[in-house]
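Protein chains in written order, with my numbering: chain A, 172 to 286; chain B, 50 to 164.
None of these hints come from the bench; they were simulated from the model.
Treat the hints loosely; a few may be bogus.
Stated by the list, open to error - The calculated DSBU-like cross-link candidates involving lysine-lysine, where the alpha carbons are at most 30 Å apart (straight line), are:
1) B:K104 to A:K228
2) B:K119 to A:K213
3) B:K127 to B:K163
4) A:K213 to A:K249
5) A:K213 to B:K122
6) A:K213 to A:K228
7) A:K254 to A:K228
8) A:K213 to A:K254
9) B:K127 to B:K104
10) A:K228 to B:K122
11) B:K104 to B:K119
12) A:K213 to B:K104
13) A:K213 to B:K163
14) A:K228 to B:K119
15) A:K213 to B:K127
16) B:K122 to B:K104
17) A:K228 to A:K249
The structure displayed is predicted, hence computed values, not measured ones.
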Amino acid sequence: EPEVTQTPSHQVTQMGQEVILRCVPISNHLYFYWYRQILGQKVEFLVSFYNNEISEKSEIFDDQFSVERPDGSNFTLKIRSTKLEDSAMYFCASSRDRGFYNEQFFGPGTRLTVL
Amino acid sequence: AQTVTQSQPEMSVQEAETVTLSCTYDTSESDYYLFWYKQPPSRQMILVIRQEAYKQQNATENRFSVNFQKAAKSFSLKISDSQLGDAAMYFCAYEVNAAGNKLTFGGGTRVLVKP
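Please put together the full structure from these sequences, using the hints given.
The structure is reproduced here in structure tokens:
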């Protein structure tokens with residue numbers, strides 16, 4: 172069964188460094204999402220992406236964040252200058268279409284640790 | 050802003066017994082969806098069950114069923130005949146039928162299944 176995959180599973184970086192988190196959505200899916208979960212807190216929506224454009228973004232998704240679909244398979248989240256508070260689990264998700272019957276399929280997550 | 054609250058951080062159930070997880074949400078929208086996601090240890094979140102707000106009939110999926118009380122903004126999940134494989138974090142989530150398709154999650158309930 173097709174799955175969303177994410178790499179790396181764990182990334183450690185120094186404060187101020189740039190990181191790129193990678194996701195491979197399910198191949199025939201058109202909608203892509205990033206969520207994050209700070210340890211002990213709720214899963215929070217960051218951004219949704221469709222047709223090479225951001226559909227919606229949260230207040231968390233400021234100028235330090237960007238998303239890209241550089242080719243036909245990858246979907247990336249870039250954090251330009253990481254802060255300590257960016258340490259979290261980042262989940263990628265994808266869905267075939269919008270609407271009730273098009274569930275979001277989640278990847279296993281990337282744990283980002285900022286030192 | 051929409052919020053989702055899961056008041057039970059952890060629930061324990063004997064194998065073959067029934068457990069009910071509570072979820073309440075706050076919204077002023079009329080067209081929305083509700084979901085329960087399961088996250089087994091070290092695995093990705095998977096959809097367990099979903100409900101459209103305008104449908105009064107409660108959704109069921111095999112051993113999983115919901116009690117949707119729209120006026121009370123309550124959406125509880127019942128797991129019947131609990132199995133060891135049901136042990137996981139369970140997240141209640143809400144989605145407005147809008148362009149961004151963002152999911153708003155509750156804080157999660159950990160379900161422990163005792164043999």
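A quick look at each hint next to the structure:
1. B:K104 to A:K228: At roughly 29 Å apart (the allowed maximum being 30 Å), K228 of chain A and K104 of chain B satisfy the hint.
2. B:K119 to A:K213: With a Cα-Cα distance of about 23 Å, the restraint between K119 of chain B and K213 of chain A holds, given a limit of 30 Å.
3. B:K127 to B:K163: This hinted pair holds, its Cα atoms lying about 17 Å apart.
4. A:K213 to A:K249: With a Cα-Cα distance of about 21 Å, the restraint between K213 of chain A and K249 of chain A holds, given a limit of 30 Å.
5. A:K213 to B:K122: holds (19 Å)
6. A:K213 to A:K228: It holds: about 17 Å lies between the C-alpha atoms, which stays within 30 Å.
7. A:K254 to A:K228: holds (19 Å)
8. A:K213 to A:K254: Holds - the C-alpha atoms of K254 of chain A and K213 of chain A are around 19 Å apart, at most 30 Å.
9. B:K127 to B:K104: Distance of about 18 Å is within 30 Å: holds.
10. A:K228 to B:K122: With a Cα-Cα distance of about 25 Å, the restraint between K228 of chain A and K122 of chain B holds, given a limit of 30 Å.
11. B:K104 to B:K119: holds (10 Å)
12. A:K213 to B:K104: Satisfied, since the Cα-Cα distance of roughly 27 Å is no more than 30 Å.
13. A:K213 to B:K163: Satisfied, since the Cα-Cα distance of roughly 26 Å is no more than 30 Å.
14. A:K228 to B:K119: holds (28 Å)
15. A:K213 to B:K127: holds (22 Å)
16. B:K122 to B:K104: With a Cα-Cα distance of about 14 Å, the restraint between K122 of chain B and K104 of chain B holds, given a limit of 30 Å.
17. A:K228 to A:K249: Holds - the C-alpha atoms of K249 of chain A and K228 of chain A are around 14 Å apart, at most 30 Å.
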